[in-house]
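Residue strings, one per chain:
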Amino acid sequence: MLHKGFDVLVIGEGLAGVLASAAAARQGARVALVSKGPGSFMLADDCIDFAALAPGALDSEDGFKREIQFFLDTAAAAGCEYRGGPGETISVPTILGGFRDVTLAPVYFGGCDPRQLKAVAVVGFPSILDFDANFVAERLSGMARNEASGPTYTAHQLEIAGLSEPPRLEIQFAARFDRDANFRAAVLAALASVAKSMDLLMVPGVLGLNTGTAELRDMWRQVGCPICEIATLPPSVLGIRLFRRFRQYLSRMGVEEFTGFAVAKVWFRDEHHCAIEVETPGRALQLEAAALVLATGAFSHLIDTSTSANVPSNVFVCGGALNISEPRNENAIALVTGIRAGIRAAKLGAGPCGKMTGDWTNVSTAPTAMPLAR
Amino acid sequence: MDKTQVVIIGGGATGAGILWDLTLRGVNAVLLEKADLANGATGRCHGLLHSGGRYAVKDPEAANECIRENTILRRIARPCIEETGGLFVQLPQDDASFVTQWVHGCSKAGIPTECLSREEALALEPNLPDDIVRAYTCPDAHVDPFQLVIANVEASVARGAACITYAEVTAIRRDNGMVTGVEYRNCLTGERHSITCELVINASGGWAQQIASLAGVDVPVRCDRGALLIMNQRLVNRVVNRCRKPGDADILVPAGPVCILGTSSVTVPSPENLVVPPEEVKALLKLGAELIPALGEARVLRVFTGARPLYAPKSTSGAGGREISRGFALLDHEQTDRVAGFISIVGGKLTTYRLMAQVTADLVCKKLGLKAECSTDRVPLRCYPDDAAFREALTILPLAVAEKAHRRMGNRLADLVAAIERDPGLAEVVCECELVTRGEIEYVLKDFPIPAQTVADIGRRTRMGFGTCQGTFCGYRAMLAGYRHGKWSAEQAVARLKAYLEERWKGQQWIPQGKQAEQLNLSHELLSVAFNVENEGAGGRHAA
Numbered sequence: 001m002l003h004k005g006f007d008v009l010v011i012g013e014g015l016a017g018v019l020a021s022a023a024a025a026r027q028g029a030r031v032a033l034v035s036k037g038p039g040s041f042m043l044a045d046d047c048i049d050f051a052a053l054a055p056g057a058l059d060s061e062d063g064f065k066r067e068i069q070f071f072l073d074t075a076a077a078a079g080c081e082y083r084g085g086p087g088e089t090i091s092v093p094t095i096l097g098g099f100r101d102v103t104l105a106p107v108y109f110g111g112c113d114p115r116q117l118k119a120v121a122v123v124g125f126p127s128i129l130d131f132d133a134n135f136v137a138e139r140l141s142g143m144a145r146n147e148a149s150g151p152t153y154t155a156h157q158l159e160i161a162g163l164s165e166p167p168r169l170e171i172q173f174a175a176r177f178d179r180d181a182n183f184r185a186a187v188l189a190a191l192a193s194v195a196k197s198m199d200l201l202m203v204p205g206v207l208g209l210n211t212g213t214a215e216l217r218d219m220w221r222q223v224g225c226p227i228c229e230i231a232t233l234p235p236s237v238l239g240i241r242l243f244r245r246f247r248q249y250l251s252r253m254g255v256e257e258f259t260g261f262a263v264a265k266v267w268f269r270d271e272h273h274c275a276i277e278v279e280t281p282g283r284a285l286q287l288e289a290a291a292l293v294l295a296t297g298a299f300s301h302l303i304d305t306s307t308s309a310n311v312p313s314n315v316f317v318c319g320g321a322l323n324i325s326e327p328r329n330e331n332a333i334a335l336v337t338g339i340r341a342g343i344r345a346a347k348l349g350a351g352p353c354g355k356m357t358g359d360w361t362n363v364s365t366a367p368t369a370m371p372l373a374r
Numbered sequence: 375m376d377k378t379q380v381v382i383i384g385g386g387a388t389g390a391g392i393l394w395d396l397t398l399r400g401v402n403a404v405l406l407e408k409a410d411l412a413n414g415a416t417g418r419c420h421g422l423l424h425s426g427g428r429y430a431v432k433d434p435e436a437a438n439e440c441i442r443e444n445t446i447l448r449r450i451a452r453p454c455i456e457e458t459g460g461l462f463v464q465l466p467q468d469d470a471s472f473v474t475q476w477v478h479g480c481s482k483a484g485i486p487t488e489c490l491s492r493e494e495a496l497a498l499e500p501n502l503p504d505d506i507v508r509a510y511t512c513p514d515a516h517v518d519p520f521q522l523v524i525a526n527v528e529a530s531v532a533r534g535a536a537c538i539t540y541a542e543v544t545a546i547r548r549d550n551g552m553v554t555g556v557e558y559r560n561c562l563t564g565e566r567h568s569i570t571c572e573l574v575i576n577a578s579g580g581w582a583q584q585i586a587s588l589a590g591v592d593v594p595v596r597c598d599r600g601a602l603l604i605m606n607q608r609l610v611n612r613v614v615n616r617c618r619k620p621g622d623a624d625i626l627v628p629a630g631p632v633c634i635l636g637t638s639s640v641t642v643p644s645p646e647n648l649v650v651p652p653e654e655v656k657a658l659l660k661l662g663a664e665l666i667p668a669l670g671e672a673r674v675l676r677v678f679t680g681a682r683p684l685y686a687p688k689s690t691s692g693a694g695g696r697e698i699s700r701g702f703a704l705l706d707h708e709q710t711d712r713v714a715g716f717i718s719i720v721g722g723k724l725t726t727y728r729l730m731a732q733v734t735a736d737l738v739c740k741k742l743g744l745k746a747e748c749s750t751d752r753v754p755l756r757c758y759p760d761d762a763a764f765r766e767a768l769t770i771l772p773l774a775v776a777e778k779a780h781r782r783m784g785n786r787l788a789d790l791v792a793a794i795e796r797d798p799g800l801a802e803v804v805c806e807c808e809l810v811t812r813g814e815i816e817y818v819l820k821d822f823p824i825p826a827q828t829v830a831d832i833g834r835r836t837r838m839g840f841g842t843c844q845g846t847f848c849g850y851r852a853m854l855a856g857y858r859h860g861k862w863s864a865e866q867a868v869a870r871l872k873a874y875l876e877e878r879w880k881g882q883q884w885i886p887q888g889k890q891a892e893q894l895n896l897s898h899e900l901l902s903v904a905f906n907v908e909n910e911g912a913g914g915r916h917a918a
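Protein sequence lines, in the order shown, are assigned to chains A and B.
According to the numbering used here, the first sequence is numbered sequentially starting from 1.
According to the numbering used here, the second sequence is numbered sequentially starting from 375.
Just so you know, these hints were derived from the structure itself, not from any lab.
Honestly, I wouldn't trust all of these hints.
[Said to hold, decoys possible] Cβ pair distances, simulated, as ranges: (1) A/A51 - B/R533: 57 to 63 Å; (2) A/P166 - B/A657: 52 to 58 Å; (3) A/A214 - B/A869: 39 to 45 Å; (4) B/D821 - A/K65: 56 to 62 Å; (5) B/P825 - A/N146: 25 to 31 Å; (6) B/N785 - A/R184: 22 to 28 Å; (7) A/P166 - B/D751: 51 to 57 Å; (8) A/A51 - B/D821: 45 to 51 Å; (9) B/A657 - A/R184: 55 to 61 Å.
[Stated by the list, open to error] From the structure, some residues in chain A lie toward chain B, with a derived Cβ separation under 7 Å: (10) M1; (11) G5; (12) F135.
C-beta: ideal position from N, C-alpha, C; glycine also.
Throw the hints in and build the complete structure from the sequences for me.
Here you go:
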């Protein structure tokens, strides 16, 4: 059995787990992040909507200003700038040619409201069959007509020059965009040919799996106007991209990741010691820490969190595992509770513990309930 | 104004069977259906081609009809049927005297059965409970009701008949006590049309009373709702029945990659807007687990429900759903109500649809003064293509995809192969559960004799969205295909996708709990983000 000691253990790698790890690491805690895989946030379009959060659903004195600022700073440090803030509304276009209103959106969406512009080109690539530029442009134009305002939308199909076998899937397209400099140059040249006299290009989200804000701005300069990437069917390239960026950031912050494994057992010795056993295919792995953040989402029930009696005070539940999410607000809840759980866990972890205690196998007292990190 | 000899109202198995029977006898007929083919009870059943075993004790006549029709259909509708075979299983708590009666009933009705010991039965179906007493084989099978109806209509149209879907009959014209034609409305466009004819056949199942009232006639029909659960895998490879007096949740039918457990029996006022209470789902699962214990842990993919249209003349009005005969009634309203040229065919069951069509067509011919014999028991509904087309398909499609397309498309497979050779992108598998290619979807949108008008129509023609994922991304892809073919404008396409998703989610909201409910919640959330259909209608916050 291999033992490792930390200040904070985070279980779950969705938005809540990632932010809890980041928050704890920023407090100086030694953090281990354990997960079976990415959470659902990473499958979708990266946007966060606070308007769907009912007043009073979570405690807040300042309208979540501090948590939102922490998120904006973390995302920027990870290389993915966000737009928006408390009380703001950003409209991001969808593959159905409609708009989705959110509070926070990554700069992949072009950083502007398309409806305030004059000329927008909707660009498709013929090999990407699950995005149809004509369809999106027709619907957006219809909406502009109904509202008697908004830009002129035109549809364009771009053949990429000198390409014998065009990538058919969005993820293949994005991977090739990262890997193949000629392909990348050809795509950007094709986009530039449309960009003349346009205020914005709307394209399916396929421009690289690693693209960050800096690369994005470079592309905008090369092409000649801002680019708005639309999230395609899940798992969208935009989600994967953000996930990768966050992981790289956590690694730079010293967070140790144990990805791809389920948690087999949880032990609690007292208010300052807990441990988990990770289901590795090889040698068993036991991780210890002072505090545990449970960010397992709505789809995994590692510990029964339904009642609150007899609860170890060093466990902090956040995100979907709180079971208070409703449609559209799960990301906002994950953001706020994840950051709070990370900070509290780090404070506890900074106490007189962090000492390896060796064999835990005889102290198996799995609790029936957890405190809620609201 | 159009003119024909016979108008058939109702695009279920009965109506489709009548269209085919009349067409083979040389009678001109038009089928009108207010939604899509197989929209009523036909498309909302187990898909069980009865051997007759279920009726062997209580209704020997129905049992005999079933085994005769079962034998005929396995011959003439081969591509629509999976010959799974069936088992009737006796559990320790089941009444042994019923089993004796059952064996006797089967032998009298002509249903071939063979007694299997506990060990033999468990070797065939390892998911049966270990303590079963014995089991009997029978020729039960799975029939795809959508393919069956479509095959009937497709074959009829190929011989000159007509079928109009989304055509709701609004009036039956009469002159001097004689039916002279019908008026109908296109439900998609609102346009009104009429057809002049000599005879109108009411084959509208649960809607028969409503249609009959248009001719001023009362046809008493009792709608008996049954709920069915689609389970996430084939827990059995044969139809498994409980060998006791028929009751709830005592049949499990393997259907493609899934299996279907049912059913219940609740009298309802109308065949529309049916709802399944969560207690009913739980009760069905509990009963089902007595027969196949693995049902207790399996995931429910979807709950669906339909209403059996039972013929209920006044004398049986006090009886419960299962007491009323599952037999059918042919009503000549010239005899009973002095409305000449109007015939209703009500009751019955999927397995005997061909026989119902035959007796109806016999009456039609008598009235038209024609001497034409029924030949639907001899002429195959859908031909398999020659081997060359299938071999060709195998060079461009994976085996499993080619085989499924082969069954569904019959001798039109060569067209699909030719289309894929022109455009290799059409080989892409859009529905990964039922292995439906983009080419097949484009075919039912464009070249099919009864083209798909909605996204759900595409599913009924190809089985897209019918498999284990119950329609996640395929609906969007099919919608785009419809848009690209100029079938729908972007706005119409989105309206159709919305309707499709609402229908899918309706069947999923009745799933009580557990992993599957969580899984569906996740897919619902992801699609809500990608499409935003639930919030864009109001124009979002921006417009406000």
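Index of numbered hints that the structure contradicts, given in increasing order = Structure breaks hints 6, 10, 11.
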